[in-house]
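Colleague: Listed here are the chains, written in short residue letters.
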Amino acid sequence: MTANAASPNHLQLTRDGQLRHFLTLDGLSRDLLTDILDTADSFIEVGERSIKKVPLLRGRTVVNLFFESSTRTRSTFELAAKRLSADVLNLDINTSATSKGESLSDTLLNLEAMASDMFVVRHAQSGAPHFIAESVTPGVAIINAGDGRHAHPTQAMLDMLTIRQHKGAFEGLKVAIVGDVLHSRVARSQIRALNELGAEQIRVIAPGTLLPSDVESLGCTVEYDMARGMKDLDVVIMLRLQKERMEGALLPSEREFYRLYGLSQDKLALAHPECIVMHPGPINRGVEIESSVADGPQSVILNQVTNGIAIRMAVMSMAMGGQVAERQQKLTELTERGQA
Amino acid sequence: MSALLDVDQLMDKLEAGLRRLLTERGIESPVLIGIRTGGVWVADILGKRLGIEEPFGKLDISFYRDDFSRIGLNPKVTPSSLPFDTEDRDIILVDDVIMSGRTIRAAMNELFDYGRPASIILATLIDLGARELPIQPDVAGQALTLEAQQRVKLRGPDPLRIEIQAAGQ
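In order, the protein sequence lines correspond to chains A and B. Read in my numbering, the first sequence has 320 at position 320, and its numbers run on one by one without any break. Read in my numbering, the second sequence has 382 at position 42, and its numbers run on one by one without any break.
Same shape as in the complex, but just chain B:
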């Protein structure tokens, strides 16, 4: 069996949290960067909801993963594309799910090769806990604890669906 989470509700929460944070920090013109693949879908929706007209960036972290020496290179790497200069910009980094925190570490390493941003806010749709690095999202749609055999699966981009699957599905 797979259970469905209500994506709209999660996006509402994410949007509200981000609006609050941007106001608190006095950030007026942030740019969005989504991490491939799920994070790009979420960034696309967030951009429309937050009324950010600047096109969002897409990051493929394959060249920055810390498990190259175990599994080699991801054969399906696609080019990152940041259609703006990141230097001194306030960035909202977006991923669908955060767990170990290793993806975010890789993404930040990559981001800094483009320049020195003014700030980075981390927004994820789902926080699964189980962190292995000292990295936390600033805003999350929902915190979730999975049973040992459960997995979260995001399908998209339109409509965006989140399924919680039992192992083997």
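The following block holds chain A by itself, in its conformation from the complex:
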């Protein structure tokens, strides 16, 4: 494994190429992404047992550090940690110490003093989990639960797991991501994952005002006309319209957006008949997606939620495993050096 200082991998991988933090999909190989999906498959089986718990993180403490509100992501991270037998602390920082003036570094130092082993971080600022991973005590794993417009790697991986479950493989797949790509950290991570895993075509379908200027450089084609974009699709991923992040007039109106880019039965009929419909949630019915499509036979939106738990269990146990293996390796080296 080569560790290029410019890539994020010197931070998120051990010398042997094992995960030790999970910050971004950038730089992660197809093999490693596949390992994550395979491990998650095994955790799906655990979720079907009468006792849905394994002892991997027994006695370890996981802190959910959410600087931005979230229901689904936080609760699935919490459930994932609990199913790994970890002790879980949920901190909603909006209502906590930072509002009393404590700095991020001080908050973290205090949490580390409570012998935490892992921080699951969501932050409105791109790069915040990366910053924390750089400064945190060795042995503590950082998982990115969404940072600014940058990345949401566990969401993208649970989407990949859902696609693999329904389509078997990525080769030959035509996938479209529709809607508010501009504000979406999910879209960036999805495009990255789909490219690495070998999808044939990745299209983004959106009005120009909701696309980042450099979007094609992420490795996708752009389509402004939804009817054209839907043709032959195997997978369509709808994005939530992030109204809370919009400044100024990016959209004429919600109704206009729905007419042009909302996923209705009529538009879905233009795709491959077995096309699956995905959405990271929360869905705005009648804004991005017609209710009957969201609840219809081609929708796998609720599978995505179930898969979210398994993916998060996989990433957390792999990162913790990388941390402990690395620590053990260093101890062995120190002992050997002491004996020499």
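Hints in this document: simulated from the structure, not taken from any laboratory. All values derive from a computational prediction rather than experimental measurement. Here a beta-carbon is modelled for each residue, glycine too, at the ideal position from N, C-alpha and C. Where hints are given, some of them may not hold.
Stated by the list, open to error - Straight-line distance between alpha carbons at most 30 Å, and here's what the computed DSSO-like set of lysine-lysine pairs gives:
no. : chain 1 : residue 1 : chain 2 : residue 2
1   : A       : 167       : A       : 267
2   : B       : 416       : A       : 82
3   : B       : 353       : B       : 493
4   : A       : 231       : A       : 174
5   : B       : 416       : A       : 52
6   : B       : 416       : A       : 330
7   : A       : 267       : A       : 231
8   : B       : 416       : A       : 53
9   : A       : 267       : A       : 174
10  : B       : 388       : B       : 416
11  : A       : 167       : B       : 416
12  : B       : 416       : A       : 174
To be verified - Selected chain A positions facing chain B (in silico; Cβ < 10 Å):
no. : residue
13  : 35
14  : 41
15  : 42
16  : 54
17  : 55
18  : 84
19  : 314
20  : 317
21  : 318
22  : 320
23  : 323
24  : 324
25  : 325
With chain A's structure known, arrange chain B on it following the hints.
Modeller: Chain B alone, transformed into the frame defined by chain A:
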């Protein structure tokens, strides 16, 4: 050099031992569960020999290993699959080789997360001794003591071969 053990002979002994034990205990409809990877191969053969028609279970103990805090997670974990309800069943737990006993401890911990079996019988093809835990097979094909540098290698599934290798092979 690697020496070969006669698998058929070992399987004969294992089968005979299991038949005797099942009769002694009055167990009429046991189910087989093999521990990945070698134990699954042995369970497959045993099922045919014992005439157990119910499909056998496969256990991957990666999530239950006691060395996670030393080596991390096995990157090649596969899902366990138990195609039956274990509650109140008589289980024959099968592995290719028993040594420290740690794999069996992990396997039993995992099994109990599926339910409460009526009983568990442990069957292994080879018993290498060198136990670190108070766990013993009920039936073994053969007990074997290895030299310090020797290793046992099971290849399979068809044909199943057992080699005793010198270190480095």
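Colleague: Next, verify each hint and record whether it holds.
Modeller: Do the hints match the structure? See the list:
1. A:167 / A:267: holds, 21 Å
2. B:416 / A:82: holds, 23 Å
3. B:353 / B:493: holds, 20 Å
4. A:231 / A:174: Judged against 30 Å, a Cα distance of about 9 Å means the pair holds.
5. B:416 / A:52: Holds. Residue 416 of chain B to residue 52 of chain A sits at ~21 Å (cutoff 30 Å).
6. B:416 / A:330: Holds, at roughly 24 Å.
7. A:267 / A:231: Cα-Cα ~9 Å, so holds.
8. B:416 / A:53: Holds - the C-alpha atoms of residue 53 of chain A and residue 416 of chain B are around 19 Å apart, at most 30 Å.
9. A:267 / A:174: Judged against 30 Å, a Cα distance of about 16 Å means the pair holds.
10. B:388 / B:416: holds, 28 Å
11. A:167 / B:416: Cα-Cα ~22 Å, so holds.
12. B:416 / A:174: holds, 29 Å
13. 35: holds, 5 Å
14. 41: Where the cut-off is 10 Å and the nearest Cβ of chain B is about 6 Å from residue 41 of chain A, the hint holds.
15. 42: Cβ of residue 42 of chain A sits 4 Å from chain B, so the hint holds.
16. 54: With Cβ-Cβ at 4 Å, under 10 Å, it holds.
17. 55: Nearest chain B Cβ about 6 Å off; hint holds.
18. 84: holds, 9 Å
19. 314: Constraint on residue 314 of chain A satisfied, holds at 9 Å.
20. 317: Given a least distance of 5 Å, the restraint on residue 317 of chain A holds.
21. 318: Holds - the Cβ of residue 318 of chain A comes within 10 Å of chain B, reaching about 6 Å at its closest.
22. 320: Since chain B brings a Cβ to about 8 Å from residue 320 of chain A, closer than 10 Å, the hint holds.
23. 323: holds, 8 Å
24. 324: holds, 5 Å
25. 325: It holds, given that the least Cβ distance between residue 325 of chain A and chain B is near 4 Å, below 10 Å.
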